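Participant: Sequence:
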Amino acid sequence: MAPPKPQPTLRGAANVPRHFNGALTYAVVLIAVSQINFGLDQGIFSNTQAMPHFYRQFGAPDPKTGKYALDPVFLSLLNSLPFICFFLGLVQGSYISNKWGRRTSMHVMCVWALISAAVCVSARGRVQVVAGRMINYLYIGMELAVVPIIQSEMVPAPVRGFIVGTYQLGLGLGHILASLICRATSDIDSNNSWIIPYGCMFLIPSIILCMLWHMPESPRWLLLQGRDDAALASLRRLRVGRFTEEQIRDELASFRSTINVAADKGTWKEVFQGSNRKRTLIVCGVNVFFQLTGHNFVSKYGTIFLRSLNTFNAFSMSLINSCINTLVIIFTMFLSDMVGRV
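For reference, each letter of the sequence shown is one residue, going 402 to 743 in the numbering used here.
For the record, the hints were derived by calculation from the structure and aren't laboratory data.
Be aware that one or more of the hints could be misleading.
[Said to hold, decoys possible] Derived DEER-like restraints, expressed as beta-carbon distance ranges:
no., residue 1, residue 2, range
1, 690, 610, 35 to 43 Å
2, 591, 505, 36 to 44 Å
3, 646, 430, 19 to 27 Å
Every value quoted in this text rests on a predicted model; they were computed, and no experiment measured them.
Think of the CB as a built atom: it goes at the ideal place given N, C-alpha and C, for glycine as much as any other residue.
Please build the complete structure, drawing on both the sequences and the hints.
Facilitator: Here it is as structure tokens:
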């Protein structure tokens with residue numbers, strides 16, 4: 402077998418289109434829409450819990466002011482209990498993805514998202530709205546477990562880093578969309594102000610659920626199942642017209658060699674030995690310091706906090722913040738490609 406031909410190094414987005422045929426574009430766009438839905442759901446939850454009629458439905462009058470307010474215990478449970486299901490979603494997503502395929506896992510994700518939307522839209526009590534959000538976090542956990550993997554397994558190596566790097570961009574765009582919807586409905590003087598945004602959570606999962614049937618399965622997963630012919634057919638479908646038959650077969654061979662190397666399992670202590678120790682500390686440190694920035698407070702309670710100031714429209718400010726966040730994500734994507742990740 403001829404050695405794999407050298408691939409061009411990606412510098413910005415200019416080289417991306419020439420690696421994409423119709424089937425790969427379809428798959429990547431569909432996955433990107435799923436990422437946008439993740440951000441949409443998060444933004445809707447964050448914004449709706451600051452709406453006056455959400456307070457009326459799920460809160461109680463404050464004895465001092467007479468205004469409706471959310472009980473702090475309920476608010477904390479509303480934003481913390483879902484992480485139990487988030488963990489379960491990670492486990493479920495990994496298990497289904499490995500056993501029945503990446504595409505099947507995305508089908509299950511969409512079903513959980515639709516169930517969550519139905520529970521949230523029909524909620525009129527505290528327990529049900531908490532349950533709806535917990536079910537949604539099953540979907541979110543599965544999303545995080547599956548989407549980055551299927552992206553990296555489908556996209557050619559020269560553009561893999563750039564495309565996987567768009568994950569956060571999808572979340573940002575979803576937040577902008579959620580902020581726009583909630584800004585538009587926040588002035589409605591009825592429960593429709595928060596019901597309409599919850600109803601929008603039906604749209605994207607329904608579209609993805611229908612369109613997934615036409616998306617190829619991951620070639621790497623098919624190889625893991627010993628289905629070599631199906632893996633070649635799937636990879637050919639994702640590469641034909643942009644890569645030669647020899648390049649397609651060479652890429653499949655590289656998948657196979659990677660799988661063979663991965664089969665020789667090491668021990669957990671190797672993560673903290675030699676040069677791996679530095680990598681492990683960098684990854685853990687980045688995640689720890691990211692949480693210490695107060696990101697969770699801003700994403701979960703930001704709109705409520707802004708509303709409590711009574712100085713400007715909290716929903717307009719949420720939209721502005723989402724736009725700034727997305728612009729910084731785009732800038733960082735190009736910057737990291739030019740100067741490196743570290």
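Participant: For every hint, state whether the structure bears it out.
Facilitator: Going down the list of hints, with the structure as the test:
1. In this structure the hint that residue 690 and residue 610 lie 35 to 43 Å apart at CB holds, the actual value being about 37 Å.
2. Distance hint check: the CB atoms of residue 591 and residue 505 are about 40 Å apart, consistent with the given range 36 to 44 Å.
3. At roughly 26 Å, the beta-carbon separation of residue 646 and residue 430 lies within the given 19 to 27 Å, and the hint holds.
The structure is consistent with each of the numbered hints, conforming to all of them.
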